[in-house]
Structures are given as structure tokens and as C-alpha cells.
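Residues per chain, in single letters:
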Amino acid sequence: MTEYETIIGLEVHVELKTKSKIFCPSSTEFGGDPNTHVCPVCLGLPGVLPVLNKKVLEYAIRAALALNCEIAEYSKFDRKNYYYPDLPKNYQISQYDLPLARNGYLNIEVNGQTKRIGITRIHMEEDAGKLIHQGTIATSPYSLVDYNRTGVPLIEIVSEPDMRSPEEARAYLEKLKTIIQYTGVSDCKMEEGSLRCDANVSVRPKGSREFGTKTEIKNMNSFKALQRALAYEVERQIAVLEEGGRIIQETRTWDESKGVTLPMRSKEEAHDYRYFPEPDLVPLIIDRRWVEEIRATLPELPDERRNRYIKRYDLPAYDATVLTATKEIADYFEECVALYPNAKAVSNWMMGDLSRLLNAHNMDITQCKVSPRQLTDMLKLMDRGTISGKIAKTVFEEMFATGKDPEQIVQEKGLVQITDEGTIAAVVDEVLASNAKVVEDYLKGKDRAFGFLVGQVMKATRGKANPELVNRLLREKIHSQS
Amino acid sequence: MELYYLTAHELHDLLLKKEVSAEEICRAVFDRIDAVEEKVKAYVTLTRERAFTRAQEIDRKIAAGEEIPPLAGIPVAIKDNICTRGIRTTCSSKMLYNFVPPYNATVVEKLEAAGTVMVGKTNMDEFAMGSSTENSGFFATANPWDLERVPGGSSGGSAAAVAAGEAITAIGSDTGGSIRQPAAFCGVIGLKPTYGAVSRYGLVAFASSLDQIGPFTRDVTDCALMLNAISGHDPLDSTSAPGDVPDFTSCLKDDVKGLKIGVPREYMGEGIDPAVKEVVGQALKLLASLGAEIEETTLPHSRYALPAYYLIATAEASSNLARYDGVRYGYRAEDARDVVDMFMKTRSRGFGPEVKRRIMLGTYALSAGYYDAYYLKALKVRTLIKQDFDRAFEKFDVLLAPTTPTPAFKRGEKMDDPLQMYMSDICTLAVNLAGIPGISIPAGFVDGLPVGMQLIGKPFDEGTLLRVAYTFEQHADYNRRRPSL
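Quick mapping for you: the protein sequence lines, in order, are chains A and B.
When the count follows the working numbering, it moves up by one through the first sequence with no breaks and lands on 483 for the last residue.
When the count follows the working numbering, it moves up by one through the second sequence with no breaks and lands on 475 for the last residue.
Simulated from the structure, these hints should not be mistaken for lab results.
It cannot be assumed that every hint is accurate.
Have a look at the derived ranges for each label pair, beta carbon to beta carbon [to be verified]:
1) E192(A) with N88(B): 37 to 47 Å
2) E30(A) with V90(B): 20 to 30 Å
3) G76(B) with E270(A): 35 to 45 Å
4) E285(B) with E270(A): 31 to 41 Å
5) L374(B) with E6(A): 46 to 56 Å
6) S338(B) with S141(A): 23 to 33 Å
Calculated Cβ distances over 10 Å to all of chain A for the following chain B residues [as the list claims (entries may be wrong)]:
7) L(-7)
8) R40
9) G261
10) D315
11) V329
12) K370
Ideal Cβ placement from N, Cα and C applies to all residues, glycine included.
Okay, chain B solo, but in the shape it has when bound:
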């Protein structure tokens, strides 16, 4: 296989054997970008020069006989809502088209310490609000498996970059499914860690109590390596979990014997494409044949997850996005009469329609006289949803469900119907409300399009998710297929 389509751990082996240099890997990826980026449009910004400089540094270390960490020299794409010092960070919004952060997000620092090579900043739905990357303020990204279809969102650029060979791994953020849903649509692995497992410092906030950073990879081993690199307590993030983190590669065991897997019936019912159900059903049969104990279960409050999510997430967003006012950085309307006029014109022109819709919804939900009926009620629903999961995990080690109700949909198909667009996250939202980890792995194909299967775990039990995913991967080859571009 071409270098750009290998996994990080395969490339690491080649680097150690000196069969390939970090610079050659970097060149392979940028050559691939030159070949396909015009069609995929995964990147907002490419950091080509920096990448080659970094790759050469790694090569010098290898030549000097230094020990290199497992991700050293691996080209990684970063979602453009994660701050990178000296490199434009736009959130795919006109509002931040010129914003250059003076600091790195903690994950960026950690990835640099791990020796990775940043390829560039990936396209996304503006401020991570959307499920197709069509809400980008700049351009839409295509699904590498079918250029007429969306890559999912909001981390569509990161998922597409990994699927198309424009990066080896990538970083995204997931507020209601924004890693798992595009991972499913693009046939790659996407993990949303437990809330607090990965520092949010430097992640431009959409909904602070739901946002979490996570990796996109081509196999589960790479996912464990990326999680090792980015997780851990950060004193700069008060919500980051204290304590040490395990070596997640130690969880990569081909063994699910006796493991109890619950299948929530709410995720396999109405609204789920029968072809998707069929793929998930086959996957369950495979896991059962490997010794997992599979049983149907229930998450009774699931149907309230979407309304609760769209109240809590938008309420927080209405406040988080208030700082974009043209005073200090980013876009400013220059023809304003006074400061209030400047605020209004800047925000009217700088934000796209979906962002404005959510700011209005969230502002309304927090307003005097509506707070109790909407925001407070949604918080109560959130508690009930969390309790549903707590109860399920008394009995099961992991839960299994489709990642999305359908495979990737056509571009433009849902742009005029926000509710339909929101429904594409119906299987992933509740996991963010509960703050627990979820991983999407390739589980099959329908009409040449990848279908994702989601594993949901107990808080800070990413290890068990990785173990089940790894076992599945050893007995199915869906993650080894590559799109023809």
C-alpha cells in the first residue's frame, strides 16, 4: 500500500527499520494532498514548510540514534477550532478568518511533544455547528468515498483527510457526535473520550459542558496511540480529570469472551435505515461468535436527548460566542455608527445562518421567564439520560449501537431542513450529555458507502471500548479498505 495509506504504527516500524524517513512520509502525504485536495477540500490551511522542517528534525533524531516516541514523524491534521500558535485558527468562520492565536492548545503541545508533524488545519462546520461540513464559512468538504456526498460533520475535514490519505491521523472535536458521525461516514475510526479525559484548553468552545477533543485513525492501535498522546490532566482546564492515565495500548487484546454487550433498543428502532441495522446485526453476530454476551437493553429517555441537547448546547454557545464582537480580533464591520451598531453589523455579517440560528435559540432558552421551562428542564433531562446509562452499565460492560441512522447523505440534501440535519446525530448526542466515551469503527458497507458502529463505555473506561473495537478489527477488514479517488 502507498505510504500515505498506512497506519501510524506501520510507519513507525518502517522508520525504526530505516526503510523510510519522516521526510519521505511527509512528502508522500503532501504529494497526495496535491493530487486529491482539489476534489476533497479537507483543509482550510496547510502548514507544508513547517511540516517538512519538523519531519527533518525527527530524521536527525533517528540518525543520531535517539529513541523516538511511537507517533514521531507521523503527519497529523488538526481541526481548525483548535488553537495553533502562529497559525491561523478560523473555526471555518468568516468571523475568525484572520485570527492567529498567540498560544497552542494543550493537545497541540502534547502532539508536538509526541513528535507528530502537523499537516494543516481542517475544514469544519462553522464553530462546529453542523453535521455535514457544508456549514463551513469557506467551502464544503467532500466525502472521499463519494464526492457527491458529505463527509459528515462537524469534524468533516479531519475525517476526510484521514480517509483520503491526506493525513495519517487527525484530531477533531465532538460536542454531539462531531467526531463519531464523520468517522462513520468516512470509514475511519473516531473516538470521543470521556468528558475531562482530554484538555479543552485551546479548543474554541461551542458548548463547554459537552465539547471533547478526540482522534481519527485508520485502526484501533493508532487510536490507542493517539489517546495516549493527548489525554491526561491539564492544570489549565479546571474540568480536566485529575490522576494518571493508563497506557491504552495495553488494552489492545483480541478477546471479548464473557464481555457483556448491551444493545439499546431505542437505537435500533424507527428512523434507522434497515441497511444500517443489517450491518450492525452482522457485527453483533461476529462479536457473539467470539464469545461476547449480547443482550438487548433500554435507555428509556433517549427520545428526549435531541431536544435537551439543542437547548443546553445552544444556551452555552450563545454565551461562548458572545466574545466575537469585532472589538479585539477577527472580523469587524468598519461602517458602524457606534459600538452597538458595530456589534450588530459585525455579528450579522461574520456569522453564518446556522450559527445565528443556534445563538438565537440558546439566548431564548436562557431568557428571563423561559429559563425554567427550557434550560433548567433540559438539565433535568440530562440527569435522567445519565441515569439511564448508569443503570445500563450496572449490567453491561459496553453498549453497542449504529453511529448514524444512515450512511453519508448527498450534499445539499439536508441544508434546507435543520431538523433533518440534527437527526443525523440522533445516535451520538446522548453520549455527550452523559459525558461518557464513545467510539465509531467501520462495521460494513452499504452501496459502497461505509457504515459505522458505535461502542459506548463507562466513564474513563476507554480501555474496554478499545479492546472490543480491536477484537472486531482483527476479525473484519472494513477498516483496511480505502476509497478510490
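Looking at chain A on its own, in the form it has when it is part of the complex:
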């Protein structure tokens, strides 16, 4: 059987979170009653003209610089002509042959190795509106149109066909999302559509230099969907070739519920967009000094930050990657480390209990009630021996639920650790007296019996006894008895 190589390139649309739309003053806010964030310009009424929102250009340049692109000195807008009811002018103002930026890249980790994925180009364009149907588009007796999204600024980021597996494609998209979020120009929420992704996929016999015929896959609405759709499509293409068939160049749509890609339109049915220069806008001549000013305001990006964490905090690479996955997580970590120098302890709590609770409540770190100060105060309580590691887990859950300070929780619930040897010794004596059979088992070599005795002491002290003291005293007293 022939071995195949997979070739994937992604086209990613990112909504920029400027306050107003790309060519008019209407709000870009997500949600809102239908057709309330509109004006004559974004509705494409007769006679109106677009005026470029300079903030959009600034944000697009910011994203492009973060993705290591060259910013064009001369760029322009073009019209992409096609008819659809969610597109008020029946053309989209986009950029065709002179995009804002070219020749960028980002790095992904593949089996512990860094791999560079090329970015061909980044251009600006306006978003379209949304059609709303009763039931499905096929059965609805009418279509309603909501133009709130019309004219929301987008950048389209086109990658080189550099990815070799669905996993790499997913890693690329995740990394792209992280970098864009770091720059602060977009929320990149796939579920709200502020990050959208189409894929070009082909396969070829391993060792072949020529590309196979590609298909374009649309309608993948999550990272998981992207990976599943690509895996399905790769298998489908290989199966077609193995049966002696040919791949048809076409656009296919991912059916999430059936788990398959389905034909949407063939190459012959593809639109002729009749691109031509947008005569209502003047060409962009982009000042180099302005580009450098924007570059100077770029934050530390995920790769740099990750490397710094490894070097400065001596963290394992895995920890550093997880802690820099979003700017907010990394900021939280650094606030903690500023208050409490044991970076590995902070990392363990953030990647452990904090992460688990956030996932369980479907929250992100910006919604977390526990402040970095509170988390580190709790770590200090542990260091001082006020609470044990076991109690700390209980305290932390309470902090997460209520946002209260750890000291307050410890006091209210009486969770202060018992470190008085006499108090613990008295409990140990009681436990040994009422469990003579277990002590016997232990002395015969049954190690598990010791654990039971520890448990009984902890139970009697409601978990507050210092575990090391309990262990020591139990051992001492058993051996002195025998």
C-alpha cells in the first residue's frame, strides 16, 4: 500500500475588536437586537461612501507584526463581487493583489521539535451579516437578515501549505489564537465567530514533489471540529486514490453531527468575484515610523515569554507552555510569583486545582474569584504550617467558590493545623487502645494497617493534625508498646 503525505494550509478570519466598524461609526458589539448596530453606510444605502477606521489599520498592523510579517508600504482595497442577501452592497470591500502584509510565520511544537509555519499574507476586509431562518434554510418559508455584523472589521490570515497533519493544523490554529490574543486586537472566540477557519487539504504519495488536487473544507466551528474534519478528509482522499479514483477540486462542508465532509460546490460552480480596485477609497501609503511605533507597543509574545519562564523560573517546558497559553494566565502567574518566589509551587497549583476548578465551572482565569494575592497567601499558610497540604485543598475550593481570604476561611471553619505534640499524642493513644487487632496486623508486616491508623487519627482531629507528627508519634508508640 502507498504511503501518503498530508498537505494542509489554513485561511483564518479574525474579527478585530475595534469599537466601531471598519468603514462607518456603527458599533461592533456582539449580540444586540437584530439591525440595531447599523447605519446607512453599513446598510449600503444608495449614495453612501466608506471611510476607513484608522484603528482597524493599526490593529491589523499589530497582528501582522506579531506574526512576523512584512508590512506593505503601498496597499489598497478592492471589491469582491458576489450576490448574497447578507451582503448589503452585493460586494465585499476586501484586499486582492496588494494586501496589507506578507511573508510572516509562527512556530508550533511538533513532538518536542519547533516547526515554522509560513504565513503567506494578511489582508483587511469587512464582515457580512447573518441570515436567520425558521428551522433550517431548506424548510424555512422565509429568510430574515441581521446586519449587525455587517462591516465588522476582519483580517484574513492565509498560511503556506506547511502543515503535514490535522494535529499540526490544530496546533497552528491554537498558536495563532494565542498570539492574536496576546496582541489584544481580538477575542478570538470560535463560538462567537470572532475566529473562523477554512482549510485547504490534499494528499500525495510520500516522496512526491507535486501537490495533489486539493479540496477546501468549511464550517469547522471548534478546534476539535477542525482536527476531526481534516482527519476525515485525509482518509477520504486516500480512500478515493486507493480505489483508483481522482480527487475533484471542490469546496466541501463539515457535517459535525454525521462526522463527514460533504460536497458544497465544484470548481466549475466557483464564483468569479470580478475583483477590481475600490474607487471609493484612496490607496494606503503606510508610514514606516508609524509601523515602528506600533511594533514598539507589542507585548512580550508567547514564545519569548515561555522561554523566559524556563530560564528565569527554572520551570519545565511543559509548565512554561501551559502557563503562557493565554496572556491572562501568564499575567496571573507573574503576579503570583512577584508575591511568592516559589514558582514551581505556583505552577503546580495553577495547573492543578485552579485549572481543574476553572474547567469544571467552564470559566476562564479572568472570571476567577481567587486573586493572585489570595492564592499566594494560602501557599504561605502552608509554608508556615498553619494548614496542611490536604487542608489547603479544602480551603482553596472554598476560596474559589466565595472569593474569601484563606485566613478567614481557616478561622471560620477552624481548620488550623494541630501541631501540639501532647494533643496529638493523646489522640494516638486512644486510637491504639481501641484498635489492638490492627496494631497486631501491622506488626505482622501488614503495611496497609498503618495507613488505617493514620486515617483514624486524622478523622478524630477532623483532618487538622499535622501529618508528619501523626506518623512519627504512631510509629514511636507502637514500637515502644511492643
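Put chain B on the given structure of chain A with help from the hints.
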């Protein structure tokens, strides 16, 4: 002379002297409309009530001793492709028969600020596509000088309204000659300013890179006053020129001594009616006698202007007119099976034949496989044409040519022959491709029909055009003749 036949600055003087009120001027114009509109048919919509309310406001200001701007109380007609808030704006198309804009075009705002009184919205070739106003989706407009003849187009309603005394001044739009050609046919002054001099915001686009708004007036002084009122940078139009504009009335000097006037031989050759050439020749003699230096020159790429124009203008139009699909406003075919059927039926029925012809031509010119051969080639020709003018203006202050190859033609004469119709803009198209200003002024008469002469200037040098036109007007009285209706 009757009030309705005076100029704006004459009426302004009467207002200042309190010899007449703005309301009386308004009444005179509407009485005139009542008398002749049935024959001329210049208007799609009249805004009579609003006009009287506005005129009374102006009168109150005068009575209160307030200073009024020069165009205050002057009845102005607006071409029906310029958006007016709360007033139907149809582009003389069935497609927009019921469209009421929720906003004013910038020029409309500026004219209101200047105190003018809007009389109504004038008839035009549908979406400004045509040269006779016969392509109106509603009715044709007649030439006030000869009701059997066309007023020119596409701003035929505006030109006819000024010529017939149904407005004192008017606003039109010019994409390939649509102000200058009807001005010539109707014996009035028509100016197409430099591209970017007047905001296009609110002008329903035909060809965005060529469209420009400009005035129709009865003399050059009024033209300068109107240009003062409507020009200037507009943040709502990215293509509008930055910077301040001069007071154009300061250019109104009776002096052309030493001014270099070039006469492009391509505009005086084949295809130009000898009688028109004779009129232009006489005008040149007059200007020479006043001290202008006149010399023949050449614009070698002129013969490519018409094909280049009809590729660029139609390409842009095919995209600009895509929004008329029945989804949001205007006409919608109600018997459609689905959305594509609705698009097709709406556009098939809503647009007239000339608009459809141009949309098809423009769509073709932009299509994959034809773009380079047609649209891109036309853009290159456009650059060459612009360079022709640049070279000519190294030597000359203005260029002078006929505005049209013939005086107004008969109604119906060219309706079955689009190419012949297109040829009537042969002297004006190149000016739009180059983005430079052009003015048409009455230069004489042939068989009782007005003949226009076109002055073409350097970018943003409307001042010199006005100066030459003003000087000519001081020594010839063609602009003071009125049609008998």
C-alpha cells in the same frame, strides 16, 4: 425680466434692497412651474410646501436684520440621484420609485446651510446613464428651446429647469459629460469641478472614479457662488480633496490678456458639426481680440477616450448597481420562488434597457479572462489620456473645445442607436477620465438652438475657467437669452 428668469446674484440684490421677498421669488418660480412644467417635464418630485416654509424662514431672517448669505432664498433644483432626507430620491428608476433616504447628501446639507430653497428633484436618465434624459424610467424631459428636442443628459431635468425658469440654479452630476452636455443643449452654464472638489457623499453612484457633482446657472457669477457653497473637504468622502477652497467670486475678472488658450485639434475635426465649429471659431476670435493667446494643440489619445470610458464606467457601475436587489429597499418582485429568483426578477423588471446594457458590459469587462484585455487596458489608456492633458497644461492655461458635436438633437433620434448616443459625449468624456474641471458656457446659436463651448482646466484650477468664462460673458450676451415657452 420676470423674477424667475433673473440670476441668483440679481435676486440677492433685490432681497437686500427689500424690493422682493424670498416668498415672492418662490411664488414666481412655482407659478412658472405651474405654467410650463406640463410641456418641459423637468421634475420627478416637487417640494412646494417645504420650499415656501424655507422661503418664509429666510424672509424672517431678513426682517430681523440678520445678514444673509448670497444664495439665501434662491430656488434650487436638485438632480434626483442626490439624496435628500425625507424626500423621495429615485434616480429616475423604477428600482428606486419609493426610496426615501434617511440622510442628506453633503451638497444638500451645504446648500441648506447656504440658505437656498429646494424646489424639487429633477428628472434624469436612469441612474445617470444616458445623454438625452429619454432613458428616464418615468418620462422624458423636453428642451425648453424646442420641445421636440432633447435637453441632453443625464442631468437634463436640471438643465431644462434652469433654462425654462423653473429654478434659478440647479445641481447635477457629471460622469462623462452629464452636466456640460445638457448645459450646452439648454443654453445655460454647467460646471464639472475637479474630481474630489465636491463631496460625493449622498450622490447615488454610477461610476465612482468619474462622478462629480456640479452646478447649473444662468451666468458665471452664479456659478462661482454655487461652487463656493458646495465645494470643500468632506470627512465622509475619502476621495474628497483636503485643504481649503478659495472664494471663487474673486476669480471673476474681465481679463484674459496674455492667457494661453489651447485648442485641441482632435475636438475640432471630423464628427463635429461645421455650424458648431463656426460658433466656437467666433468665440475664439472674440477671446483673441481681448488679448488671449490662442494656439492649436493636440491630445493624441483622444480617440481612445470613448472606449476606455465605456469600460471603466460600466465596470464600476456593474458593481455599484449590484445593491439594487429587492432585499432592503426599492422595488421588489413579489412573485419569486426563492432568493435568486427574486434577485433576477427584481433586476430584470426594475432596471431599464440602457442600465441593463451597461451592467452587462461592465460585468463582462471585469470577468475572469477578460479583465486584462478590457478593464486593465482601459485603466492604462486612462493614464495616457491624463498624460495628454498634463503635457498640454505645461504650455496652456486652459483648453477650449466645443461641448458637444451638435446642438440638441430630436427626441427619439438616437434611442435605437446607443453608439450614436454615446458619441454625443465625445468632447466631454476625457475630462472625467483625467479628473480635471470643465465648464460649458453658451457660445452662440445655430437655427435658434444654443451651442456650448467647453473650457477645460488644470486640476483645482476652476478659478481660471471662471475667469475666462466671465470675461467671455462680459463681451457676449448668449447667456442672457431666454427661450420662449
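Say whether it holds or is violated: G261(B) keeps its Cβ farther than 10 Å from all Cβ of chain A. holds (30 Å)
The output says D315(B) does not contact chain A. Does that hold with a beta carbon cutoff of 10 Å? Label violated. Min Cβ-Cβ 6 Å, cutoff 10 Å.
Nearest-CB test (10 Å) between chain A and L(-7)(B): holds (33 Å)
Over 10 Å from every CB of chain A: does K370(B) meet that, or does the non-interface label fail? Non-interface label on K370(B) holds, nearest chain A Cβ at 13 Å vs cutoff 10 Å.
Taking the Cβ atom of E285(B) and the Cβ atom of E270(A), is their distance within the range 31 to 41 Å? Between E285(B) and E270(A), where Cβ atoms are some 60 Å apart, the hint is violated.
Are all C-beta atoms of chain A more than 10 Å from that of R40(B)? holds (20 Å)
State, for the Cβ atoms of E192(A) and N88(B), whether the hinted interval 37 to 47 Å holds or is violated. Once the Cβ atoms are compared, 41 Å apart, the range 37 to 47 Å for N88(B) and E192(A) holds.
Does the Cβ pair G76(B), E270(A) satisfy 35 to 45 Å? holds (44 Å)
Please test the hint of 46 to 56 Å on the beta carbon pair from L374(B) and E6(A). holds (51 Å)
For the range 23 to 33 Å, tell me whether the beta carbons of S338(B) and S141(A) fit it or not. This hint holds: roughly 25 Å between Cβ atoms.
Range hint 20 to 30 Å: satisfied by the CB atoms of E30(A) and V90(B)? holds (28 Å)
Closest CB-CB distance from V329(B) to chain A, is it above 10 Å? violated (6 Å)
In summary, the structure is inconsistent with hints 4, 10 and 11 from the numbered list given earlier, while agreeing with the others.
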